[in-house]
Amino acid sequence: AMVLTRAYDDRMYRAQRQGKTSFYMKCTGEEAVAVAQTMAIDAGDMCFPSYRQQGILIARGYPLVEMMCQVYSNVRDPLKGRQLPIMYSSREYGFFSISGNLGTQFSQAVGWAMASAYKGDDRIAATWIGEGTTAEGDFHQALTFAAVFRAPVILNVVNNQWAISSFQGIAGGEQSTFASRAIGYGLPGLRVDGNDFLAVYAATQWAAERARNNLGASLIELYTYRAEGHSTSDDPGRYRPADEAGAWPLGDPVARLKAHLIALGEWSEEQHEAAQKEAAEQVRAANKEAEGFGTLGSGSTASTKTMFEDVYKGMPWHLRRQRQDLGV
Amino acid sequence: AMVLTRAYDDRMYRAQRQGKTSFYMKCTGEEAVAVAQTMAIDAGDMCFPSYRQQGILIARGYPLVEMMCQVYSNVRDPLKGRQLPIMYSSREYGFFSISGNLGTQFSQAVGWAMASAYKGDDRIAATWIGEGTTAEGDFHQALTFAAVFRAPVILNVVNNQWAISSFQGIAGGEQSTFASRAIGYGLPGLRVDGNDFLAVYAATQWAAERARNNLGASLIELYTYRAEGHSTSDDPGRYRPADEAGAWPLGDPVARLKAHLIALGEWSEEQHEAAQKEAAEQVRAANKEAEGFGTLGSGSTASTKTMFEDVYKGMPWHLRRQRQDLGV
Amino acid sequence: MIQALNSAMDTMLTRDPDVLVFGEDVGYFGGVFRATDGLQKKHGMTRCFDTPIGEGGIVAAAIGMGAYGLRPVVEIQFADYIYPAFDQIVSEAARLRYRSAGDFFVPMTIRTPYGGGIFGGQTHSQSPEALFTHVVGLKTVIPSTPYDAKGLLISAIEDDDPVIFLEPKRIYNGPFDGHHDRPISPWSQHPASEVPDGYYTVPLGNAAVLREGADLTLLAYGTMLHVALAATNDCGVDAEVIDLRTLVPLDIETIVKSVEKTGRCVIVHEATRTSGYGAELAALVQENCFYHLEAPIERVTGWDTPYPHAFEWQYFPGPARVVEAIQRAMGA
Amino acid sequence: MIQALNSAMDTMLTRDPDVLVFGEDVGYFGGVFRATDGLQKKHGMTRCFDTPIGEGGIVAAAIGMGAYGLRPVVEIQFADYIYPAFDQIVSEAARLRYRSAGDFFVPMTIRTPYGGGIFGGQTHSQSPEALFTHVVGLKTVIPSTPYDAKGLLISAIEDDDPVIFLEPKRIYNGPFDGHHDRPISPWSQHPASEVPDGYYTVPLGNAAVLREGADLTLLAYGTMLHVALAATNDCGVDAEVIDLRTLVPLDIETIVKSVEKTGRCVIVHEATRTSGYGAELAALVQENCFYHLEAPIERVTGWDTPYPHAFEWQYFPGPARVVEAIQRAMGA
Ligand SMILES: Cc1ncc(C[n+]2csc(CCOP(=O)(O)OP(=O)(O)O)c2C)c(N)n1
Ligand SMILES: Cc1ncc(C[n+]2csc(CCOP(=O)(O)OP(=O)(O)O)c2C)c(N)n1
Ligand SMILES: [Mg+2]
Ligand SMILES: [Mg+2]
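Protein chains in written order, with this note's numbering: chain A, -18 to 309; chain B, -18 to 309; chain C, 291 to 622; chain D, 291 to 622.
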């Protein structure tokens, strides 16, 4: 899944560069976070991600074609062209609608978990936030409510050391770790090497166990590195050394897992290459299909009148009138 | 000053009960917090209080008459009858305008401290928040900014165990102490007996020292007890045992300091009674003067046209027109 | 009215296990205005409970619960304190259905007392309804009678979209017509003061014509509805008084029908004037009834200042000011 | 326009040691739109710096600094992300002077890019100006040309009241008249595109008549000002085009004078329609010019939906829609 996620990112990034859509965000170097954590929780558990956990959908087998159609805002886009590329949503796959507003999902996940507990449901919630975003009030409200109401939720801080142009110190990462924020709320705070697939898996499994047994929430800081730019609108050359990514000692999660498995004799270069080829092929095929449904600007979108739908469950008179004004 | 504060509270509380104003809030049982802390910092240091630190003004010698005129919203009210009683403001006495919106002052104090540091000014800021209000986002933003910018500020959490009807556990006080919230930000967190005048003084002195030497912010949790109702609009009988206040082991800060000083031979019952008499007298005299300027409803207020002033520095046309519409 | 609101929540807690009621001081204490009095005792700690003091967290939790499938009813202690939750309301609750193409939605009701007349000063007197009417995806409801309060609140709770339910705190415990210097005529004299037990609804989006009239149309809601009625009686003009009840979606037909009949319109609200909801109403009326209008549409509103404690009655747009506006409109 | 804004801040940082510039990615990087490019390098880390990602904390810090006596200029990265700071803006910055009877005030400027036309989707395209115009104590400013952008920003920074300074991001890097399908005419063809070096001001509260006309008055601001001009050229109606520049306090005289002359008025903004600032403008125009109006006041606005990514140009109120409104107004 990590390999597939990377192949997907590369393809979509190229698509944006080719002008097939307006925007894209990669998670290169952070694949282990979303993928290992998704594997460590149950398929029924609810995820409240930030925009850098596309690996969740891929690990859960959400169709690549649908993801691509969302990125292309085309006629098959499940979100009807309404959202910026990569702001996926799928209730069916336990993936909450991504918001452009940072941090809001963190405290919402606590509410979902409270509801699950109220219903005696054994599903838990998991949510992800960037280290930069921990400075928002939502982070504090999430920890406060999670502690007070003993909500079955896993609160993940993805510390990829950068928030667009500002390094983790601007968010307070130099005075203390983000994991230690949990202490003051009486919550356990774990800090793991986010590029070590197995470590991430183990820590998440522990927290999931704890939540499922109604022992309450945990905070996990996943220490990783944003290997690429913040998004296709960003130019990291302006604020960090070009070779920093390469110099990052904890390396590439894919390469590390591969090396580890090969050392164990569970995997081989050949198998890996084959896996990469297969992923690339799968992505290529999916992209071919997705592009068949149109790319941004190709004019192949949901019908314009859908623009006025879903503001409310029904359509009040003023929206009907506006739709008529537009003549659709 | 503690004795005077209590005498003041008693008088104003009675005034409200007599219908001379709309609202009042006492700090009974918490006098040591504001008074000892004010004595431990410099007169030039800036205070961003909540509504329960009237002791600051009294300790700094702000005229009782002015405080009373504010409570009565009368013609001499320095705030021109605009604010709810007890929402004092005095730049001259280093007392920031009290807001009805909880918590906002906490992060503003950090900004003031950043400004002081920027100017190379050695004045520091001190701010107070109730334990219940620590759940607001402002609390988190204050600690984050204070840590990142190493602001010379003292962040005080007054844990009087109650937030209107909810005990400190609703704010997360059972899972962990409020002092421990500081750890996750890399700030020192102190927890002191808020009813022990000398302990409060010592802790505050240490934090002030630290801030003044540009070593950064500190968080102090002052553990005390709200001996009276939340405000004159509140009826604690509905949510806590009537005798709880009496049963509170850490007792009355005034009585404790008195006993301590008498034990040391520095003070006597007679001196204490004299002090109480003098305070009562001082308050009585001040109140006589203040009531002379009118009480709420007596009609003796600032002129009605002042209602339209200070919305902006100048008065724009629409406010001039509205003032004319009212015919003032 | 407070009992009517309490009864609405009691009724819904009884009917629907997915309804939860929570907020600051809402549980054990029953709310600072007693709106949730007895609900925790009757329905249990898991159905009606106290929260930390964090409006943002309260609304965020409600959104998450809504995404799960519950129907949270939250109380913001005063409308003046809803701003810490503004991001969750505007960026999240209001947009979730749209941005997820219907995949997720927020069947949440936010109850909050608004308005002045209680010497609450500038942070216990605000009327922020206009802000919410500008946010697409929200419904904004304001009752003016006990009967409507219960029926509208039940409709709001059952509604699958987020509803901002603003409660006129000045008339929580009895009617008030703006004549602060006179004895108050009791609810009993008010048509809609009888509150049936049990379940009933008043649909969202329907205004009520509380007084038929031929000469002028008065548009009001909440506390000001009663001020408008008092002003009508005071000046003897045959005004048609319309209680909007729902601000968004607005019952435009009822308004247009009335103004086309009367040709004159006065709008009354307590909120500050500039960009208040009266502006939208005036814009709509002149767009829809331009050729029927015989006089400029008048707005009687709170002044563009914070609500000053000592000047409660100089600030409050009472019957006298409404009468002046009516006379200007009739004179024109 | 972005260089003009940068120059305004550079000028003020140079002139006044009490001016500080900060926000997310504002310091070392120079802002995601480059508005503060080079300012940290030139004026130092203590004058222009990066902050944590917490809009509430950013504004709170600015308020505290203002209380100290500084003149903070903060950037909110997108207007869509200003809501976490809404409580500090509405409950604190806007009210501090009033509630302290002038004892404390907030000489803060909040800069933030607003508006669509860049395929930013629903959270990088919002126009929330109306919300701020309803908050007493705030001034709301929106420039439409590089010259005004610099002059108004300097005035805002020097102003002793809190100013919400909304920047039309669509025209940051060049003009745009709404004809997304045609080549753009460069700034050079625009009268006010020349930006002098150094210090100069454009006063707050004064509108500008950008085109005199006899038949109809077009009210617009920001990006839509250029759309209004384009529409005028497209339909050949002799419209008077007014750039409001400051929404609060509004230059009512200029507007009234124009509408009394033309008798027709069309209001254009990109924000959603219901309770948008166009409602206040329509209400004011009909209150002040009722007897001069020959046709209903038209509003051309964004639809009452979030800004949909794929339907950028069906949402954006372009010249064609303005022309239709002009023709309706002329035909009436
Ligand atoms: C409330 C809000 N403020 C600002 C932004 C603009 N913004 C988008 S991403 C980003 C940086 C986030 O960094 P981090 O939380 O570390 O997440 P990462 O991008 O590293 O995954 C910022 C400031 C936003 N989207 N929402
Ligand atoms: C933002 C906001 N939310 C709610 C309130 C209503 N309120 C006023 S005081 C109070 C309790 C505060 O308790 P605490 O912080 O412990 O302070 P204390 O009263 O104990 O000194 C509440 C909920 C408010 N004033 N502002
Ligand atoms: Mg990051
Ligand atoms: Mg308390």
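Please note that the accuracy of each hint is not assured.
Which chain B residues face chain A? A few, computed with CB under 10 angstroms, are given here [to be verified]: (1) A116; (2) G118; (3) A128; (4) Y166; (5) G167; (6) R265.
Just so you know, the hints here were simulated from the structure itself, not pulled from any lab data. In this text, a Cβ means the ideal position worked out from N, Cα and C, and glycines have one as well.
Restraint outcome when B/Y166 is required to lie within 10 angstroms of chain A by C-beta distance: holds (6 angstroms)
Per the CB criterion, is B/A128 less than 10 angstroms away from chain A? Holds - the Cβ of B/A128 comes within 10 angstroms of chain A, reaching about 5 angstroms at its closest.
Would the hint on B/R265 be counted as holding, given a Cβ-Cβ threshold of 10 angstroms to chain A? violated (45 angstroms)
If you take the shortest Cβ to Cβ gap from B/G167 to chain A, is it below 10 angstroms? holds (3 angstroms)
B/G118 as an interface hint toward chain A, with CB separation required under 10 angstroms: The hint holds - B/G118 has a Cβ within 10 angstroms of chain A, the shortest such distance being about 2 angstroms.
Mind checking the CB of B/A116 against every CB in chain A and telling me if the closest is under 10 angstroms? At about 5 angstroms, which falls below the 10 angstroms cut-off, the nearest Cβ of chain A leaves the hint on B/A116 intact, so it holds.
Hint violations for this structure: number 6 only, all remaining hints satisfied.
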